[in-house]
Amino acid sequence: MALRSLTKFNFVRQGARSLSSTASLVSVEVNDKTGIATVTLQRPPVNSLNLELLSDIRYNLTELGKNKSRGAIITSAFKTFSAGLDITEMYKPDIERASKFWNTLQDVYEVLYGSAYPTVAVINGPAPAGGCLLSMCCEYRVMVPNSIIGLNETQLGIVAPPWFASTMENIIGKRQTELALTTGRLFSTDEALKVGLIDEVVQDKDEGLQKANAFLGKFARISPFARNVSKQTIRGETLKRMSKDRENDLKRFIQVITQDAVQKGLGLYIESLKKK
Amino acid sequence: MALRSLTKFNFVRQGARSLSSTASLVSVEVNDKTGIATVTLQRPPVNSLNLELLSDIRYNLTELGKNKSRGAIITSAFKTFSAGLDITEMYKPDIERASKFWNTLQDVYEVLYGSAYPTVAVINGPAPAGGCLLSMCCEYRVMVPNSIIGLNETQLGIVAPPWFASTMENIIGKRQTELALTTGRLFSTDEALKVGLIDEVVQDKDEGLQKANAFLGKFARISPFARNVSKQTIRGETLKRMSKDRENDLKRFIQVITQDAVQKGLGLYIESLKKK
Amino acid sequence: MALRSLTKFNFVRQGARSLSSTASLVSVEVNDKTGIATVTLQRPPVNSLNLELLSDIRYNLTELGKNKSRGAIITSAFKTFSAGLDITEMYKPDIERASKFWNTLQDVYEVLYGSAYPTVAVINGPAPAGGCLLSMCCEYRVMVPNSIIGLNETQLGIVAPPWFASTMENIIGKRQTELALTTGRLFSTDEALKVGLIDEVVQDKDEGLQKANAFLGKFARISPFARNVSKQTIRGETLKRMSKDRENDLKRFIQVITQDAVQKGLGLYIESLKKK
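Residue numbers (full-length UniProt numbering), protein chains in the order written: chain A, 1 to 276; chain B, 1 to 276; chain C, 1 to 276.
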């Protein structure tokens, strides 16, 4: 890593600026030689996806697109890849903020799942729920041993939206997705490899970055245009269905989180986290 | 088994009563502790699915739904899981009864494939054609060794309807389904495990029931609501397409069984069974 | 092979006759005992799919359909199965001929992917791009060792159309298809077997023909009608989507090949081939 020529990105965020905390929640380094960007999530302690972190992810991924990136590697600055959606965004919600939160998650999905540039997730620690979704949006996944990944929403009494499910189906097929979603299964690294939810096991983050660069290196001599059209051919239907359903999807989200039973459940869950 | 606290269900069937034979063709036992129902098909000798057996299955599965079942295990009282649709329903058919027969099969499919409660098939013997379909509607399949399962309709000169095919596709994928349907393949237990048509091999029915209870036990602490929404997310499209097409599907069935060539074939087949 | 009773087909081509070169580009031999046809592509040196070869394929496959064939085996007279679309059809194109060329490819796809009779590809050498497509249209694929197969279009700066992609998806699933198309991957024989792109490895063409006949032999006692309806159930959606989109698909093809950048790329590629 030390030998790479890196440029630290300093995109000036316009408009949405106020959403961002002072310290950036996402760092982007671009290798000048390969044109590959490493996008590191760094919201302590576990990259819980709140409105601000999602906004920063959306912003940076969009900027990479505008700059005709040769590829992006998503990873974490911590021992957790991402703990998933920040539950405090759903607990005793301000509806306006909660709506922005969900819309931003939808945006991140569209920008990442549909990105013109190739993407790899270096899953250097647990990736439950929304963390799993982020990694599933990438085109390749490498993961450290003895970790966990999965859409475990039902374990928390909530439901992964249809587009989470479709995205998993596109990777591991309908049968395994049904089993995974209904049981809220968190796969171990080995189980994830076996079922095809990840592509390679790596010893640590450094090896993960090497493998990610190797995967993206395959595209060095391939027409980015032809590559991207092929990607959209495969992902287009899922993306289109999701985009068409954005408003209903938001309504369903707001409806769920404003239920007494769900609020009670989230309250108990947050209490249990505080005690840890 | 002997130690479980069981309640024998005695649903009072209304209206459709006359369809039922005096001796019940389906027995339902509910474990009072777990809330899990064991649904045993018991139409001698091989659970051929005629109008009466299908009506009893539909009735009992629907009642379980109304009673917010925690799960259902489908198995057989005999050495055959189910020999599939009763061919005598199609031979020299009374059109009114044949239509009821097919509509009831459609109902059973909708009730079982779309059930809000989780389901397991303990396949304790051969499960060709309609027997395979029944087991494929469940969320988990365990099977005894040295048996057979598959949609072998083409071997009999008839065709598995599109919703049979979709249901198999959702389990083993398009490629394997095409090979299986065109060749009318009956998979051995080992082959079924390898291709993913079943989930586990068990030594006998008792072990099958244990494994089934273990699978359903996973859901003990999961919100039935969240679980069911996830199931519908995965199965909804297939169910919706089938429900929309019910009338055409019935027409096609009647059209097929009223063909001279098919009647001749069925006649020869029934003769050959009698000689055995 | 020597012992088989073979009838050499001499279909009299009407109308499209002028498209055909004097020496036939496709030979068809029918085994009088089994009714199985061996369709051998023989356009030297590597069965590049130009307008004439595609026309001959379309013609012969259509005739087999009219004659209620019991099955067709597609193979090559050379050491290459097929090098794919003939690039000279796209280089400095006459738009009328290029349109006929593309329409004929679409026809071949519809006739082969949707054929009422069963089909096997004996892939006795490299099958890149259009060669891979031809083999993927068959119901079974056997391949010689140490060869290559895949949709490598992106490696050439062009894009496999959506129906190429769908056809691959129907065999190896969405995940593997995305990886294959974006990287323009050519699978080795062993890799193709592992991912399910081919069904068996055979030592040579003769063993391939034996295996192909063995696969087609499975259908000897199965109703061709029931078999075909099952095939259409699985393939119908993909075929229908392709047929509906034929005109747009042609427009996109013409649009792509009339781009300066693509012409320049094709020119360089043709130059590099000449130097070999």
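Bear in mind the hints are in silico, worked out from the structure with no lab data behind them. Check each hint, because a few of them may be wrong.
When chains are identical, the list treats them as one kind, so a pair holds in a single copy or across two.
Said to hold, decoys possible - Think about it this way: if two alpha-carbon atoms lie no more than 30 Å apart in a straight line, the pair counts; the simulated DSSO-like pairs of lysine-lysine are: (1) Lys-218 / Lys-79; (2) Lys-275 / Lys-244; (3) Lys-251 / Lys-275; (4) Lys-218 / Lys-194; (5) Lys-218 / Lys-275; (6) Lys-33 / Lys-244; (7) Lys-240 / Lys-251; (8) Lys-218 / Lys-276; (9) Lys-244 / Lys-194; (10) Lys-240 / Lys-274; (11) Lys-211 / Lys-251; (12) Lys-218 / Lys-33; (13) Lys-211 / Lys-194; (14) Lys-276 / Lys-251; (15) Lys-251 / Lys-264; (16) Lys-240 / Lys-276; (17) Lys-251 / Lys-68; (18) Lys-92 / Lys-251; (19) Lys-251 / Lys-79.
So, going through the hints one by one against the coordinates:
no., hint, in the structure
1, Lys-218 / Lys-79, "both (28 Å within a copy, 29 Å between copies)"
2, Lys-275 / Lys-244, "neither (41 Å within a copy, 51 Å between copies)"
3, Lys-251 / Lys-275, "neither (33 Å within a copy, 63 Å between copies)"
4, Lys-218 / Lys-194, "both (24 Å within a copy, 21 Å between copies)"
5, Lys-218 / Lys-275, "between (47 Å within a copy, 26 Å between copies)"
6, Lys-33 / Lys-244, "neither (39 Å within a copy, 45 Å between copies)"
7, Lys-240 / Lys-251, "both (18 Å within a copy, 22 Å between copies)"
8, Lys-218 / Lys-276, "between (44 Å within a copy, 25 Å between copies)"
9, Lys-244 / Lys-194, "neither (33 Å within a copy, 37 Å between copies)"
10, Lys-240 / Lys-274, "neither (40 Å within a copy, 44 Å between copies)"
11, Lys-211 / Lys-251, "neither (40 Å within a copy, 40 Å between copies)"
12, Lys-218 / Lys-33, "within (15 Å within a copy, 50 Å between copies)"
13, Lys-211 / Lys-194, "both (18 Å within a copy, 22 Å between copies)"
14, Lys-276 / Lys-251, "neither (33 Å within a copy, 62 Å between copies)"
15, Lys-251 / Lys-264, "within (20 Å within a copy, 51 Å between copies)"
16, Lys-240 / Lys-276, "neither (41 Å within a copy, 45 Å between copies)"
17, Lys-251 / Lys-68, "between (34 Å within a copy, 27 Å between copies)"
18, Lys-92 / Lys-251, "within (17 Å within a copy, 54 Å between copies)"
19, Lys-251 / Lys-79, "neither (34 Å within a copy, 51 Å between copies)"
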